[in-house]
Amino acid sequence: MLQKASWRQEWTTDVRANVLAGMTATLALVPDSLAFSFMAGVPPVVGIYATICILLVVTFMGGRPGMVSAAAGSMAVLMLSLVQEHGIQYLFAATVLTGIIQFLMGVFKLGKLMRFVPQGVLTGFINALAIMIFMSQLRYFKGESWLMYALVGLTLAIIYWLPRYFKAIPSPLVAVAVLSIAVWAFGFGDVTRIGDITAIDASLPSFFLPDIPFSWDTLAIIAPYSLSLAVVGYTETMLTHNLLDEMTGERTDKNREMRGQGIANVVAGFFGGMAGCALVAESVLNVKMGGKRRLSTLVAALFLLLLTVLLGDVLAMIPMAALVGIMLMVCVSIFDWSSLFKMKRLPAGETFIMLSTVAAVLLTHDLAIGVGVGVLFSFIGFAIKASKVQIDSEWNGTTRTYRVHGQLFFASASELEEQIETQCEAEEIHLDLTGTKVWDHTANLAVKRTVERLRDNGKQVTVLRASADQAAV
1 MLQKASWRQE WTTDVRANVL AGMTATLALV PDSLAFSFMA GVPPVVGIYA
51 TICILLVVTF MGGRPGMVSA AAGSMAVLML SLVQEHGIQY LFAATVLTGI
101 IQFLMGVFKL GKLMRFVPQG VLTGFINALA IMIFMSQLRY FKGESWLMYA
151 LVGLTLAIIY WLPRYFKAIP SPLVAVAVLS IAVWAFGFGD VTRIGDITAI
201 DASLPSFFLP DIPFSWDTLA IIAPYSLSLA VVGYTETMLT HNLLDEMTGE
251 RTDKNREMRG QGIANVVAGF FGGMAGCALV AESVLNVKMG GKRRLSTLVA
301 ALFLLLLTVL LGDVLAMIPM AALVGIMLMV CVSIFDWSSL FKMKRLPAGE
351 TFIMLSTVAA VLLTHDLAIG VGVGVLFSFI GFAIKASKVQ IDSEWNGTTR
401 TYRVHGQLFF ASASELEEQI ETQCEAEEIH LDLTGTKVWD HTANLAVKRT
451 VERLRDNGKQ VTVLRASADQ AAV
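UniProt numbering applies: residue 1 is where the sequence shown begins, and numbers increase by one.
Careful, some of the hints might be misleading.
Said to hold, decoys possible - Straight-line distance between alpha carbons at most 20 Å, and here's what the computed EDC-like set of lysine to aspartate or glutamate pairs gives: (1) K288 to E250; (2) K459 to E425; (3) K448 to E427; (4) K459 to E417; (5) K459 to E428; (6) K288 to D14; (7) K388 to E428; (8) K112 to E250; (9) K385 to E417; (10) K112 to D253; (11) K388 to E417; (12) K288 to E350; (13) K388 to D432; (14) K112 to D245; (15) K385 to E350; (16) K109 to D245; (17) K344 to D392; (18) K385 to E418; (19) K437 to E415; (20) K142 to E85; (21) K448 to E418; (22) K459 to E418; (23) K142 to D190; (24) K437 to D392; (25) K448 to D432; (26) K459 to E421; (27) K288 to D336.
Treat the hints as calculated values from the structure; they're not laboratory data.
With the hints as constraints, model all of the structure from the sequences given.
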């Protein structure tokens with residue numbers, strides 16, 4: 001049963017917790033939005049505009065309260081070639097088309113496809129993401145002095161130690177404030193700040209139409225990119241949706257979320273942003289800090305807008321060590337540590353699926369490919385298990401009865417032809433299919449061929465209690 005909170009619950013429940021959680025999530029969004037812009041080969045403001053637009057729209061139109069959606073690295077890697085070959089205006093058009101495709105995904109209720117993603121794939125997805133986030137933070141230590149390590153250590157100490165004594169303000173938010181003041185007060189000039197990585201010169205985003213020819217040729221250029229972006233965004237959004245539903249014990253509307261994501265990307269494209277989707281790390285951080293309602297994502301959007309447009313100088317002074325510390329905390333939080341200790345107790349197939357998902361993500365740096373590999377191996381494993389057919393036989397005078405147990409489909413149909421003897425001494429053969437189900441055309445053909453061979457050898461064949469789809473045998 002889908003759970004839908006009332007207006008009062010969404011906007012007046014735990015106001016302080018949701019406001020502070022939204023502000024904390026914004027601090028994690030800033031470096032990611034900048035980094036993802038670099039990955040896509042576009043100016044930093046493109047990622048920031050996308051994050052602001054997407055957050056604002058999904059706050060009101062999304063289906064999963066508290067889920068943080070923004071510019072995403074998994075989608076940014078697909079944009080680089082489009083930007084390099086055709087220019088940024090084509091990226092904006094592709095973003096709009098991506099949103100339209102995602103909206104249609106929601107309209108046609110493709111959210112139900114996530115029921116085919118097994119737990120092993122979800123665990124592998126989360127663990128791979130944690131590893132990727134950890135590895136992405138290592139670049140900030142390159143060429144840094146001992147001070148960088150000390151400040152990251154101090155950030156983590158504040159994050160984990162402060163909640164034991166003080167919980168009024170989220171500890172990551174306190175850590176950012178403390179480190180920013182300390183670096184400024186002690187004049188640590190060699191500490192890398194956000195402003196040292198990129199200049200933040202953002203103004204209010206404004207509506208415009210992409211400056212491209214509106215033709216079939218343009219559609220042929222952007223359509224493959226948009227379809228890929230829509231599928232990747234769908235995958236990461238739905239998996240994040242599943243994770244947050246498990247964390248909060250709620251069951252929310254995935255199809256509404258996809259419709260909301262689609263509208264959000266359409267808006268982002270018309271306001272100079274790149275396509276985005278739900279972010280696991282920031283969403284988990286938001287929920288863990290108490291941001292379980294729509295108010296938290298609204299605050300995140302408005303706080304990011306305030307920081308970049310009005311308080312750009314303040315944002316530029318925040319040391320990267322504080323943000324790296326927050327992201328490392330997120331890595332520890334989202335990694336499923338129990339999956340490491342349960343490997344020996346779980347079936348080997350489940351462990352293999354989880355590890356293959358992790359390996360595929362780390363090798364390709366693409367979460368969607370990793371999930372696809374995990375689902376594929378899950379289906380193969382299921383097909384192997386389901387293809388085990390048991391065929392028992394018994395004699396009753398001159399009659400021999402074959403009883404088939406299991407599932408007959410393309411992977412198991414050959415067992416029927418191999419195990420039923422066409423040269424047996426019985427004058428009459430009973431083929432009892434009451435314990436099985438013929439699922440596809442391949443299996444149906446196998447049954448027909450078996451019956452025909454028996455009859456060609458002079459046997460009288462009866463198919464017992466055939467169901468409707470087997471009546472033609």
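Do the hints match the structure? See the list:
A C-alpha spacing of about 15 Å is found between K288 and E250, which places the hinted pair at or below 20 Å, so the restraint holds. Only pairs whose Cα atoms come within 20 Å are accepted, and K459 paired with E425 is accepted, the gap being roughly 9 Å. Between K448 and E427 the CA atoms are separated by roughly 19 Å; this keeps the pair inside 20 Å, and the hint holds. Taken as a hint, the K459 and E417 pair is honoured in the structure, with Cα atoms around 15 Å apart against an allowance of 20 Å.
For the hint linking K459 to E428, the alpha-carbon distance of about 6 Å falls within 20 Å, and the restraint holds. Using a Cα cut-off of 20 Å, the hinted pair K288 and D14 holds, with the two alpha carbons roughly 13 Å apart. A C-alpha spacing of about 26 Å is found between K388 and E428, which places the hinted pair above 20 Å, so the restraint is violated. Among the hinted pairs, K112 with E250 is consistent with the structure: their alpha-carbon atoms are about 16 Å apart, no more than 20 Å.
The straight-line distance between the Cα atoms of K385 and E417 is roughly 19 Å, inside the 20 Å bound, and the hint therefore holds. Taking the CA atoms of K112 and D253, the gap is about 10 Å. The hint holds against a cut of 20 Å. Only pairs whose Cα atoms come within 20 Å are accepted, and K388 paired with E417 is accepted, the gap being roughly 14 Å. About 28 Å separates the Cα atoms of K288 and E350, which puts this hinted pair outside 20 Å; it is violated.
A C-alpha spacing of about 17 Å is found between K388 and D432, which places the hinted pair at or below 20 Å, so the restraint holds. With a C-alpha separation of about 14 Å, the suggested pairing of K112 with D245 holds against the 20 Å cut-off. About 13 Å separates the Cα atoms of K385 and E350, which keeps this hinted pair within 20 Å; it holds. Between K109 and D245 the alpha-carbon distance is near 18 Å, which keeps this suggested pair within the 20 Å criterion.
Annotation: proposed proximity of K344 to D392 is violated, straight-line Cα distance about 35 Å (limit 20 Å). Distance check on the hinted pair: K385 and E418 sit about 18 Å apart at the alpha-carbon level, within 20 Å; holds. As the CA atoms of K437 and E415 are separated by approximately 14 Å, the hinted pair is consistent with the 20 Å bound. For the suggested pair K142 and E85, the alpha carbons sit about 31 Å apart, so the restraint of at most 20 Å is broken.
Distance hint between K448 and E418 is fulfilled; the C-alpha atoms sit about 14 Å from each other, no more than 20 Å. The suggested pairing of K459 with E418 holds, with an alpha-carbon distance near 17 Å, which does not exceed 20 Å. Restraint check: the Cα-Cα separation between K142 and D190 comes to about 13 Å, which is no more than 20 Å; the hinted pair holds. Restraint check: the Cα-Cα separation between K437 and D392 comes to about 16 Å, which is no more than 20 Å; the hinted pair holds.
A hinted pair counts as satisfied when its Cα atoms are at most 20 Å apart, and K448 with D432 qualifies at roughly 14 Å. A distance of roughly 11 Å separates the Cα atoms of K459 and E421; the hinted pair therefore holds under the 20 Å criterion. At roughly 15 Å between alpha-carbon atoms, K288 and D336 fall within 20 Å of each other, so this suggested pair holds.
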